[in-house]
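Colleague: So the chains spell out like this:
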Amino acid sequence: MVPMSYFVALSAVLFVIGVAGVILRRNIIVIFMSIEVMLNAVNLAFVALGRRLGSMDGQVIVFFVMTVAAAEAAVGLAIILSVFRNRETVNADELNLMRW
Amino acid sequence: MSPGVFIFLAALAVISALGTVAQRNPVHCLLALVVTLLTIAVIFIGLDAVTVGFLQAIVYAGAIMVLFLFVIWLLNLQAELRSAPGYLALKAIAGLLSAGLAAELFVILWHAPSAAGAQAVAPAGYGSIGMLATTLFSDYLVAFEITSILLLAAIVGAIALARRIPSARAVAPVQAAAETPVRSEVA
Amino acid sequence: MLIDLLIEAIKAIIVVVMVLNLAGVLLWFERKGSALIQDRIGANRASITGLGQRIGLPNLGFVNTLIADPLKLFTKEDFVPEGADKFLHGLAPFLALFPVIITFAVVPFGDVVKIGSRTITLQAADVSSAALYILATIGIGVYGVALGGWASNNRWALLGGVRATAQMISYEIGLGLAIISVVMTYGTLDLQVMCHAQGGVWFGFLPRWGICLQPIAFLMLLIAGMAESKRVPFDLPEGESELVAGYFTEYSGGKQAVFMMTDFAEIVLVAVLITVFFFGGWQVPWLYRDGFHFPGGIHFGLPQLLVAILGLVAFMIKTIVFCWLQILIRWTLPRFRYDQLMRLGWKGLVPLGLANVVVTAIVIVLASGAH
Numbered sequence: 001m002v003p004m005s006y007f008v009a010l011s012a013v014l015f016v017i018g019v020a021g022v023i024l025r026r027n028i029i030v031i032f033m034s035i036e037v038m039l040n041a042v043n044l045a046f047v048a049l050g051r052r053l054g055s056m057d058g059q060v061i062v063f064f065v066m067t068v069a070a071a072e073a074a075v076g077l078a079i080i081l082s083v084f085r086n087r088e089t090v091n092a093d094e095l096n097l098m099r100w
Numbered sequence: 001m002s003p004g005v006f007i008f009l010a011a012l013a014v015i016s017a018l019g020t021v022a023q024r025n026p027v028h029c030l031l032a033l034v035v036t037l038l039t040i041a042v043i044f045i046g047l048d049a050v051t052v053g054f055l056q057a058i059v060y061a062g063a064i065m066v067l068f069l070f071v072i073w074l075l076n077l078q079a080e081l082r083s084a085p086g087y088l089a090l091k092a093i094a095g096l097l098s099a100g101l102a103a104e105l106f107v108i109l110w111h112a113p114s115a116a117g118a119q120a121v122a123p124a125g126y127g128s129i130g131m132l133a134t135t136l137f138s139d140y141l142v143a144f145e146i147t148s149i150l151l152l153a154a155i156v157g158a159i160a161l162a163r164r165i166p167s168a169r170a171v172a173p174v175q176a177a178a179e180t181p182v183r184s185e186v187a
Numbered sequence: 001m002l003i004d005l006l007i008e009a010i011k012a013i014i015v016v017v018m019v020l021n022l023a024g025v026l027l028w029f030e031r032k033g034s035a036l037i038q039d040r041i042g043a044n045r046a047s048i049t050g051l052g053q054r055i056g057l058p059n060l061g062f063v064n065t066l067i068a069d070p071l072k073l074f075t076k077e078d079f080v081p082e083g084a085d086k087f088l089h090g091l092a093p094f095l096a097l098f099p100v101i102i103t104f105a106v107v108p109f110g111d112v113v114k115i116g117s118r119t120i121t122l123q124a125a126d127v128s129s130a131a132l133y134i135l136a137t138i139g140i141g142v143y144g145v146a147l148g149g150w151a152s153n154n155r156w157a158l159l160g161g162v163r164a165t166a167q168m169i170s171y172e173i174g175l176g177l178a179i180i181s182v183v184m185t186y187g188t189l190d191l192q193v194m195c196h197a198q199g200g201v202w203f204g205f206l207p208r209w210g211i212c213l214q215p216i217a218f219l220m221l222l223i224a225g226m227a228e229s230k231r232v233p234f235d236l237p238e239g240e241s242e243l244v245a246g247y248f249t250e251y252s253g254g255k256q257a258v259f260m261m262t263d264f265a266e267i268v269l270v271a272v273l274i275t276v277f278f279f280g281g282w283q284v285p286w287l288y289r290d291g292f293h294f295p296g297g298i299h300f301g302l303p304q305l306l307v308a309i310l311g312l313v314a315f316m317i318k319t320i321v322f323c324w325l326q327i328l329i330r331w332t333l334p335r336f337r338y339d340q341l342m343r344l345g346w347k348g349l350v351p352l353g354l355a356n357v358v359v360t361a362i363v364i365v366l367a368s369g370a371h
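Chains as they are written, first to last, in our numbering: chain D, 1 to 100; chain G, 1 to 187; chain A, 1 to 371.
Same shape as in the complex, but just chain D (with noise of 0.2 Å):
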């Protein structure tokens, strides 16, 4: 049987992977696709604890985040394909017109 802290190390692991690649890709798309790969490693996070618990709290809370995640996965989706229209890129150091 794997003890629980293996499966939290796990969900560490990829919250940093996806922690990497928000921080060095260029493509929004793809930053936003390392989002969604923090977003996992904590649902694995909170449904691992939640069976060390014995309690269906950690799985309640995941059924939300992946409904919450959906959601905002349209709008991000919708605003990219928004500033894509308007700039014709999808390079996020082109994308600086609030920047100082």
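If you are wondering where the hints come from, they were derived from the structure by calculation, not from laboratory data.
Any given hint might turn out to be false.
[Said to hold, decoys possible] Some chain A residues close to chain G (C-beta under 10 Å, calculated; not the full set): (1) Ser128; (2) Leu135; (3) Thr165; (4) Ala166; (5) Ile169; (6) Gly176; (7) Val232.
For glycine and all other residues, C-beta sits at the position ideal for the given N, C-alpha and C.
Start from chain D and add chains G and A according to the hints.
Modeller: Showing chains G and A alone in chain D's frame:
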């Protein structure tokens, strides 16, 4: 879940997550992300969270990722060239910070008193759709109702943002040129 | 322990082999069936260098379709178009076929078989959340088509792929709502339990099949299933008169054979789902585990093995009837236009499915005494 299965699934999840953040072609990134999501769904099922595992496969890997795929098509994203030079400092700092974050998380979580007790047998019906529904509709009813309104707002917002407004300003130059009637040839 | 593993492996192999064989036989069904409907003869000539004809053997049509056709497909040149993504182009057909085949793992083909002291259920994987598993695999099946269309570097393929993806994700909702209604009616996600619950009779003679309880869900499953497998009248993504061949324009040889096999395996899948959910699965009317109990009190005792085999045969017959129904529909109806298709999916099936779920819930609460 036996250790061998866990090691295999963990390795698969980490390798496909690395593939997601490292691939140059966005569609390859998406495929790697789908593999990550399905691996995590299998891990959920191994942790007795059966319903949530299948929901992860249905909702996340089956619907949200198809949405991503559609946007990649619409934007016609090609594979990126070799990363632009001059980002070495950024990459070094980012690498250091990521390693720092990883070390911090390990220190906090590994010594947490959660190593024991994972062998506990799950309560009867744990993770089944009946128990999930009971908890959802009794303890978390308000959150459930608010989430449904959130989804409605997201649908309306996404359509409003992504709609093409048929005005002269928003029309792309190629379309404007195509729509302009050619008068010079009709004498 | 090892014997258990062996039995599971044998069941899995039998399921996969049966499905692939049935997909191949359906190809012949389709050609001869369409010929029957269109008042012509269909493909009926096959010979190797004219040998059969020279020694006077009659022409055998099914030899053409079952042997010569696959042989031709697999020995054709397999090319990847210029500028296409080689990895995705090669992966897409198998990505399309794999989810369809693994869906058959949870389908119950029969009741238990008692060999010696073991009781073996005729189901490759006894999963208690089988209905969710089916929805998950149908959801994954979108990727093969999507990537096949995109990876071909061909605008008709891309257009076909985009249309196919949009169509599949739209009708998944109708499919899911139909399955939800059935799950609510039987109170379980497990397919074997659903088949067991469809045994017995009402009023002494009417079999307790699901179609009597959920007729609207049956229609929705039939329509959504045919739309998911992109059969006519929903075959705009591969419309032969419009998009060359849609998303599998740039596929030839073995990969095209795999795409075709996906098409036919999905026909079998939809037929199997309809059988299990609405027509009792392996239940034969008036047949119980110890023999026949006809209305009127007549009782035939039968050995357990014979009962299991009768159940299996009944399942196959029902599946073939629904495969035939889908082939019949294909060669009768013209193709839907794309906006008609989308309108049917979103404005027709989704509200109907939701209304069905609400009515089912009300009836269940009222029938159980409204505690």
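Colleague: Each hint: holds or not?
Modeller: Now for the hints, and whether the structure bears them out:
no.: 1; hint: Ser128; in the structure: 8 Å, holds
no.: 2; hint: Leu135; in the structure: 5 Å, holds
no.: 3; hint: Thr165; in the structure: 6 Å, holds
no.: 4; hint: Ala166; in the structure: 8 Å, holds
no.: 5; hint: Ile169; in the structure: 6 Å, holds
no.: 6; hint: Gly176; in the structure: 8 Å, holds
no.: 7; hint: Val232; in the structure: 24 Å, violated
The earlier numbered hint that this structure contradicts is number 7, and it is the only one.
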